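The listed protein sequences derive, respectively, from chains A and B. Residues in the first sequence are numbered consecutively from 1, following the numbering used here. Residues in the second sequence are numbered consecutively from 101, following the numbering used here.
Because the hints were derived from the structure by calculation, they are not lab data. Being a predicted model, the structure only gives us computed values, none of them experimental. Since no wrong hints were added, every one of them can be taken at face value.
Taking beta-carbon pairs under 10 Å as the criterion, some of the chain A residues facing chain B (in silico):
1. A28
2. R42
3. V46
4. E47
5. I65
6. E66
7. Y70
Below 16 Å or equal to it, Euclidean Cα-Cα: the simulated EDC-like pairs (lysine to aspartate or glutamate) are:
8. B:K178 with A:E47
9. B:K160 with A:D29
10. A:K41 with B:D248
11. B:K160 with A:E33
12. B:K172 with A:D64
13. B:K247 with A:E47
14. B:K185 with A:E47
15. B:K182 with A:E47
16. B:K186 with A:E47
17. B:K160 with A:D64
18. B:K186 with B:D218
19. B:K160 with A:D32
Backbone N, C-alpha and C define an ideal beta-carbon position, used for all residues, glycine too.
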Amino acid sequence: MLLREKALLWLKISALLLIPVALLALPADFFDEGESLCPSKRFFNVECLGCGMTRAIMHLLHLDIEMALYYNPGSLALGPALGVVWLVWIFRLLKRLREK
Amino acid sequence: MKFFASTLALLLLGLNSLLAVERGNHSTVQAFAHAAEIQALTPEMLQMGVEEFLQLTPAKYREMTGERLGLKNTLKLKAAQKWLKKETQKGGEGITKGLYILLAILGLAWIAMGLKSDWSGSDWVVNLILTLLCWLPGFIHALVKMKDYYN
Numbered sequence: 001m002l003l004r005e006k007a008l009l010w011l012k013i014s015a016l017l018l019i020p021v022a023l024l025a026l027p028a029d030f031f032d033e034g035e036s037l038c039p040s041k042r043f044f045n046v047e048c049l050g051c052g053m054t055r056a057i058m059h060l061l062h063l064d065i066e067m068a069l070y071y072n073p074g075s076l077a078l079g080p081a082l083g084v085v086w087l088v089w090i091f092r093l094l095k096r097l098r099e100k
Numbered sequence: 101m102k103f104f105a106s107t108l109a110l111l112l113l114g115l116n117s118l119l120a121v122e123r124g125n126h127s128t129v130q131a132f133a134h135a136a137e138i139q140a141l142t143p144e145m146l147q148m149g150v151e152e153f154l155q156l157t158p159a160k161y162r163e164m165t166g167e168r169l170g171l172k173n174t175l176k177l178k179a180a181q182k183w184l185k186k187e188t189q190k191g192g193e194g195i196t197k198g199l200y201i202l203l204a205i206l207g208l209a210w211i212a213m214g215l216k217s218d219w220s221g222s223d224w225v226v227n228l229i230l231t232l233l234c235w236l237p238g239f240i241h242a243l244v245k246m247k248d249y250y251n
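With the hints as extra help, turn the sequences into a complete structure.
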């Protein structure tokens, strides 16, 4: 049981570490093309506060601040906050792993 | 019934072509230079076609001119694009606000929306579906969307 829990924790940590690396490996404009998935934009043609956030965060991750600002100015606040939450998440999982 | 449908189709086609001619007069961004949002743009942007300008991003601008747009100008570009998009969507000058409301009351707001948006976008389809759901949802939707077509 303990081994299974440990394996699961390692899996989570690996995923959390790999996701940003994978996003960094992809080109910054990877999500730029294509239709919006936001229901507000699709059905009512009204952009919500989160519209463009994926593209903006992707550009922010590649340190293209201009494009991040263009797609969603809120990304400049949300991006760093997400980074902090991401790190805290990883450290908590590592702490739990050490306690096992 | 058939006569009514064909008359309506002819009427819509006629109105549509009239609006297309009207819209063709604003081919470059320069034509909208009276607005403060457009005046804030760089000269290169003012020479652009409306469609081309609406597709412009800071990355494309960098490719075009070799210069960075800068954070302040990026915000200005975004504001101008938003304004211009709204302005070009307005179309259908023949439909006044009063007529729009009257059509909405009669459950025909989708026609007004279609003419206003040149039958592009999903507004009119959504309104038609909502109107078919016993009028009221369509009427509310028409009133909510009215701000997109009129100041």
